[in-house]
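A.B. asks: Listed below are the residues making up each chain.
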Amino acid sequence: MSLGASSAHLAASPLAPEWLEPRGEQTSWTAEFEQERFSSLKKFPFRSEGRLDYSPEHGLWIHYPSDNRSILVTTDEVRVLEEGGTERDTDEEFGRSLQALLYLLDFQFESLAEDFTIEANGQPTEEWKIRVEPKDGEYDFASMTLNGTGTYPSFLEIDRGYRKRLDITLRPAQPMPETTGAQWLERGMNENEPSP
Amino acid sequence: MRPVFRILILVFGALAALGIIWKTALLERISTDVTDLITQTEGDRDLQILAKLRKEQSNYLFARLDGAGTIRWKAAELFRSELSSMEGIRASGSGTSPSDPEAILQVLLQERFPLLFPSRLTNLHDGKSSTSYDVQKLARKAVADLDEFLSKPGTYQAEEILPADPLLLVIRSLDQVEGSRGSGDTDLVWAEFSQSIFDHDFRESTIKQLEDPANRVRTEFPEIELQMAGSIFFSEANVADSRAEVLRINLISLLGIVFLVWLCFPKPSAVLHLLVLIVFAFLGGTAAVAIFFGQPHILAFLLGSVLSGICVDYGLHILIHRSKSGDNGYEKTLRTIKKPLLGSGLSTIAGFLLVCFSDVALLQETGLFVAAGLATALVVCWVYFPLFHPNSKGRAGGAMLMERIRPRVGNRAFRKRVGLAFSIILVLVGMAGFKNLSWEDNIRQLNVPHPALQEELENVLQPFGLGEDQHTFLSYGKSLSEAVSEQGDFLRLLSEKGYPSSPDWSSVFPSPEALSQSQIFATQDADLFLTSFQRALNESGFEAEVFSPFFKGFRSQVNSDTFTEESVDRAAIALGQAIDGPASFAFHSEPGLSWLITRVEGYVPPLAGTPALVMDRDESINRILTRYRDAFLDLSLPALGLVTLILVVTFRRDGIIAALISSISVFTGLGLVLLAFGSLNLFALAGAFVGFCLALDYTLFARLTPEKEALVPASVMISAATSGVSFCILATSKIEAVQCLGVGVLGSIACSVLLLVAFGPTISRADTEVICNPQKETD
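Protein chains in written order, with my numbering: chain A, 1 to 196; chain B, 1001 to 1779.
Each hint should be verified, as a subset may be incorrect.
Unchecked claim - Calculated pairs, DSS-like style, for lysine-lysine (alpha carbon to alpha carbon, straight line, at most 30 angstroms):
id : chain 1 : residue 1 : chain 2 : residue 2
1  : B       : Lys1552   : A       : Lys164
2  : A       : Lys42     : B       : Lys1208
3  : B       : Lys1141   : A       : Lys43
4  : B       : Lys1734   : A       : Lys129
5  : A       : Lys164    : B       : Lys1339
6  : B       : Lys1141   : A       : Lys42
7  : B       : Lys1416   : B       : Lys1339
8  : A       : Lys43     : B       : Lys1152
9  : B       : Lys1128   : B       : Lys1152
10 : B       : Lys1152   : B       : Lys1052
11 : B       : Lys1074   : A       : Lys135
12 : A       : Lys164    : A       : Lys43
13 : A       : Lys42     : B       : Lys1052
14 : B       : Lys1416   : A       : Lys164
15 : B       : Lys1137   : A       : Lys43
16 : A       : Lys42     : B       : Lys1552
17 : B       : Lys1074   : A       : Lys43
If you're looking for bench data, these hints aren't it; they were derived computationally from the structure.
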């Protein structure tokens, strides 16, 4: 099964009509975040910081500067880049999960409906909370919950099962100028250039 | 012997040779792999390793895709998936990553204790070796490393294996073992072929099939530049070139000889007689090669083209002497010239047979091919020619051309002076070459150069980290830990000399010291370490019970038997079998032999103190050629000395003169090679050897022949001309080694003929008189 458009599935979901209306024009934004990863291996979470760059046209970059690690998420694929642009193999489940996140940030419920049960609360233009749950075991998480206000998300929780959770708290997002696809890629990749 | 028996011998001989060639499937066995040119010596460990490494790498296709990011990635994935569905592809992958990382992970988890624990123990102990450990300190460091690793945001996927591997044995080795998918603006794709690319049918069909995925990528992603490279393309080009060379050189050589013979013998039957002789010689030589060599190289048949030039000599001697002797039949002619014909023929055969004792496969194959061909030609001379009974006196064929030319170059004395002058000039020119005597042995001299393919290969391999900007060394040993130890010594030397290198395998695989430390640890400290580790995990907030798979495995697997060279080698072999793609080139393990690769950026000159079991991959194969050249010299000098001694004892003064003329000719030939190519090599030496044999042949025949009226007998002159044509054509080959051989022998032939002209005529000796006047003998 894969993520894809499905009006039939969407019609069967309990989403309020306002969530199904076309969203207004979206802009690119960037937001720094704090991450807490809860693991079954340890009693306390592992903390780290990073930055999300989002473009409705080109996808999502997730940067972890302290780890010299960047992840590019598009609707077609997921690439993990390390220092110097060296690329790592990407686990398929991990890739699909990040693509689900991208669809969530895009409010693309049609694409999510086939694989996920979707629950949306609040108003798309005000405070909102969307929760998706995979219908089968092809994803490496049990649920993903995104909170936000208007255009910008504020908190993401990825529940990966018993005592495995990822909490990402985003700082207020800043709009980014629109770029071409090549500029988008280049800027993201430059994050991993070796430090002089 | 009755003619019917002669015909039967010839027919059965030809059929037997054809049967051998067909039955042994010689044509399917002919090799085009340049490594096969020098790999025959079983005991040569260096060469075995290099040949294995080369064979491993030659079975890969490498591709690079350049262009804008996302599209390029899609194009690369499309190309890889298209390749993986091809019939002739065993596996494919991206970057240097193996095709099945999961399989590697499983092997690493299975073999983590013997293979990975010893170096981790050294690492936990700050790289120091010890006979006793502060186990609590070790445990605290192990937990701190685990905590630091898990603090990295991208490591949650590793959490699945950490319960079995909290010491990070597998995690720490994965990067080095698996490689990466690519970097920068280039995507890399590799594919491993399911069969050897040196298999002709497989190679041809695979190259055709490769066009489909490449065309699909080029059609769907026109903005992406796709370049493919690999030995498969070199092999295809080499086969095509070598075949064209063999055909061209043999054909032109044959045509030249036929033309010369036609000039000398107005009757077409002479040409036909010689063609029969050439056909039989080639059949005999080919059958011998088919029997004695498993995978003869195509170049042996290229060098072997000299066979036609030499074997027609025998036919020429017979034809010329028969026509000169008036109405004598061939049987009588053969009796008359038996001694010089056998003397010269057998000395040439002996020369080529001695070449068979070289360590170089190419020389062995060529030596046997020519020696067997010449032996066949000699036998055919005695069986074939007496079938014909010339009934007319005929014209003095062979001498005709010479007799027309001679008066135009003055009288005998003038011709001698001209011969002397030209021989002095030639010898001086040759000696001038020795002013800059140097040797260069390079495996590339054996290949038809393909600069465009080479550039493409370099361009593709460079981002794989396999390009010529990387200097590659191999550290090897009977076991993996011995190879690790050798590499460790070499890395220290490189570091001292300021050459940074990577990777250091001792951080992953055990050195002998690390193994013995682990044995001590297993018997003395293992239990206490487990308790301390468990406590340290709890103290740092870890859920120690989650790691029960590790504690269970450690208790059952870690004992003194775990850390032996045998168990490490078994684990390394299993790991090697799980890894494919460029990552698999980094190390190799098989029973009794392991090696590790060290790559250094840029060129590293030979370093004093390099450990004995470390090889420079690029230089070693050339050093092996140098070793073979030295061995050839050691073999050929005593052999030539022995031949000379036999000649001197048998023919006395004529023998001394023949040896002198041959030696001067050979040095002149070598000098000309030096002038033309700037250095000598193994093939120039082989040429010198052949040149010496041919010069002896001509000199002996000239001094023992009944043709007293000429300074150099017409038969010798024509023989030299036909052989000269063969070697002259060889000198036009695209392959430098063949050129060297051609120039060397051509120079020797020219010099020996000029010296013969200068120092003729024949000397009267009792036995010469007998040969000259056979009537006397019968009287």
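A.B. asks: Given the hinted pair lysine 1416(B) and lysine 164(A), is their alpha-carbon gap at most 30 angstroms?
C.D. replies: Distance ~102 angstroms between lysine 1416(B) and lysine 164(A) Cα, so the pair is violated.
A.B. asks: Does the alpha-carbon distance linking lysine 1128(B) and lysine 1152(B) stay inside the 30 angstroms limit?
C.D. replies: Roughly 27 angstroms between the alpha carbons, so the hint for lysine 1128(B) and lysine 1152(B) holds.
A.B. asks: Quick one, are lysine 1141(B) and lysine 42(A) close enough, alpha carbons at most 30 angstroms?
C.D. replies: Holds: lysine 1141(B) and lysine 42(A) sit about 17 angstroms apart, inside 30 angstroms.
A.B. asks: Assess, step by step, whether the Cα of lysine 1152(B) is no farther than 30 angstroms from the Cα of lysine 1052(B), and give holds or violated.
C.D. replies: violated (40 angstroms)
A.B. asks: For lysine 164(A) and lysine 1339(B), compute the direct alpha-carbon distance and say whether it is at most 30 angstroms.
C.D. replies: Given pair lysine 164(A), lysine 1339(B) is violated - Cα atoms ~97 angstroms apart, limit 30 angstroms.
A.B. asks: Given the hinted pair lysine 42(A) and lysine 1208(B), is their Cα-Cα distance within 30 angstroms?
C.D. replies: violated (56 angstroms)
A.B. asks: Compare the distance between the alpha carbons of lysine 1137(B) and lysine 43(A) with 30 angstroms, and conclude whether the hinted pair is satisfied.
C.D. replies: holds (22 angstroms)
A.B. asks: Taken at face value, is the distance from the CA of lysine 43(A) to the CA of lysine 1141(B) at most 30 angstroms?
C.D. replies: Cα-Cα ~19 angstroms, so holds.
A.B. asks: Against the 30 angstroms threshold, does the CA-CA distance of lysine 1074(B) and lysine 135(A) hold or violate the hint?
C.D. replies: holds (28 angstroms)
A.B. asks: Compare the distance between the alpha carbons of lysine 43(A) and lysine 1152(B) with 30 angstroms, and conclude whether the hinted pair is satisfied.
C.D. replies: holds (17 angstroms)
A.B. asks: With the threshold set at 30 angstroms, check whether the alpha-carbon distance from lysine 164(A) to lysine 43(A) stays at or below it.
C.D. replies: holds (11 angstroms)
A.B. asks: Need the status of pair lysine 42(A), lysine 1052(B): alpha-carbon distance at most 30 angstroms?
C.D. replies: violated (48 angstroms)
Figure legend: structure checked against the earlier numbered hints; hints not met, in rising order: 2, 4, 5, 10, 13, 14, 17.
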